[in-house]
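The hints should help you fit chain P onto chain C, whose structure is shown.
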Amino acid sequence: MTDELKNSSDSELGKLEAELKKLKVAPLTQNETARFYARLDAALDEAATRPNIFYRGFLRWGAVVSAMVVLVGMSFITGIKYGQNGITADSRITSFSTSAVDQVTEDEELDDKYVDMLITSQVQSYGYDISGDLLGEISDDELQMLKEAIDVGELL
Amino acid sequence: MHVEEQELVRRAQAGDRQAFDKLVVENKDKVFALIYRMTENRETALDLLQDSFLAAYKSLKKFRGDSGFSSWLYRIASNKTLNYIRRARIIPFYNIESGVGAEPAYEMTDKIENEALQKALTGALKSLPPQQKLAFNLRFYEELPFAEIAVIMDKSESTVKTHYQKATEKLREALKDFRD
Chain C
31 MTDELKNSSD SELGKLEAEL KKLKVAPLTQ NETARFYARL DAALDEAATR PNIFYRGFLR
91 WGAVVSAMVV LVGMSFITGI KYGQNGITAD SRITSFSTSA VDQVTEDEEL DDKYVDMLIT
151 SQVQSYGYDI SGDLLGEISD DELQMLKEAI DVGELL
Chain P
7 MHVEEQELVR RAQAGDRQAF DKLVVENKDK VFALIYRMTE NRETALDLLQ DSFLAAYKSL
67 KKFRGDSGFS SWLYRIASNK TLNYIRRARI IPFYNIESGV GAEPAYEMTD KIENEALQKA
127 LTGALKSLPP QQKLAFNLRF YEELPFAEIA VIMDKSESTV KTHYQKATEK LREALKDFRD
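Top line first, the protein sequences correspond to chains C and P. Be aware that the first sequence starts at 31, since it is given in this note's numbering, and climbs by one per residue. Be aware that the second sequence starts at 7, since it is given in this note's numbering, and climbs by one per residue.
Next comes chain C alone, as it looks inside the complex (with noise of 0.2 Å):
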């Protein structure tokens, strides 16, 4: 028993633990009894029949780490074959970029040829002619007409 209040010859503590004595807690109802024991029962069974979390987890989860191991697997393969067969146009012109820039050393300035070669690339990248005519499209009366209207001087 507690006998800081109980032995206590302080008639405040007797009192005090007399009055604490007189509240009990109200018994479980067989209303709240069989409520109880409903929803225990449910949830127990719940918790026997429920497959263990690996399961739940494979369930729940399992289509997108399929999923995820596909795409992966197909980016895998891709790449062996690309890199088994050659590469890409694009990455022809970026590797050829690259290490023409990898040539170069800090100490060294970029001359002319490195110049030349980076530009080449990026325009090839870009998918412009080189060596097409800005207004080769143009046809000759469209040209004429050009020369008349516009003062173009040395260009055309």
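The set of hints was computed from the structure by calculation and includes no laboratory data. Hints are not guaranteed to be accurate.
Claimed, not checked - Facing chain P, according to a computed beta carbon distance under 8 Å, are these residues of chain C, among others:
#1 G44
#2 L46
#3 E49
#4 L50
#5 L53
#6 V55
#7 L58
#8 E62
#9 A64
#10 F66
#11 R69
#12 L70
#13 L74
#14 G103
Think of the CB as a built atom: it goes at the ideal place given N, C-alpha and C, for glycine as much as any other residue.
For chain P alone, coordinates are given in the frame of chain C:
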């Protein structure tokens, strides 16, 4: 832990639902009383009681029998209840003068000589901080030794004694106005 309880626990751990049901029947009232004294709401106490037994069932295999089964249950119920109080941020409120409470907290089994005194004590109990209230309830009402309460609350014995001491002081303070 007595032999019969040990046997029930062993069978329940092996998956015997009837054995677990018997453990529920034997322990539900005292666990409910503890939770109710902490929450002062019967529906909440019922919910937490169910949660506690469900958690006990799920982690039954982890129970090694170092303490009694009821102490282990008290520990689960105490944690659930303290977590609930923390989450719900229950602020104890009781107007001692008017005796206004959310609902009657306790059933008075004896005739009340001094209703005002009972109200003051009920109010003081309600206003105790959760840890102090838990220590007080386990010691005073459940009559557990401090060593066992320390295990249930996962605190040192001296901390538990301090909680109990402070709770007692606050209850004595509530009695101050009723001195003869």
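Inset, instruction - Would you settle whether the hint for L70 (chain C) is holds or violated, based on the nearest Cβ-Cβ distance to chain P being less than 8 Å? - result: holds (5 Å)
Inset, instruction - Please verify that hint: L58 (chain C), Cβ, nearest Cβ of chain P, below 8 Å or not. - result: Status holds, d = 6 Å.
Legend entry - Interface hint compliance - E62 (chain C) to chain P, C-beta minimum distance less than 8 Å: Since the shortest Cβ distance to chain P is 6 Å, the answer is holds.
Inset, instruction - Please verify that hint: V55 (chain C), Cβ, nearest Cβ of chain P, below 8 Å or not. - result: holds (4 Å)
Inset, instruction - Go through the hint on L53 (chain C) and say holds or violated, using the shortest Cβ distance to chain P against 8 Å. - result: holds (4 Å)
Inset, instruction - Go through the hint on L50 (chain C) and say holds or violated, using the shortest Cβ distance to chain P against 8 Å. - result: holds (6 Å)
Legend entry - When the least beta-carbon distance from G44 (chain C) to chain P is tested against 8 Å, hint result: violated (11 Å)
Legend entry - chain P contact restraint on A64 (chain C) - CB to CB distance below 8 Å: Because about 11 Å separates A64 (chain C) from the closest Cβ in chain P, which is outside the 8 Å limit, the hint is violated.
Inset, instruction - Grab the minimum C-beta distance from E49 (chain C) to chain P and call the hint holds if it beats 8 Å, violated otherwise. - result: It holds, given that the least Cβ distance between E49 (chain C) and chain P is near 5 Å, below 8 Å.
Inset, instruction - Would you check whether L74 (chain C) satisfies its interface hint, that is, whether its CB is within less than 8 Å of any CB in chain P? - result: holds (6 Å)
Inset, instruction - Classify the hint on G103 (chain C) as holds or violated, based on whether any CB of chain P lies nearer than 8 Å to its CB. - result: violated (38 Å)
Inset, instruction - Let me know if the C-beta of R69 (chain C) comes in closer than 8 Å to any C-beta of chain P, holds or violated. - result: holds (5 Å)
When held up to the earlier numbered hints, the structure conflicts with 1, 9, 14 and fits the remainder.
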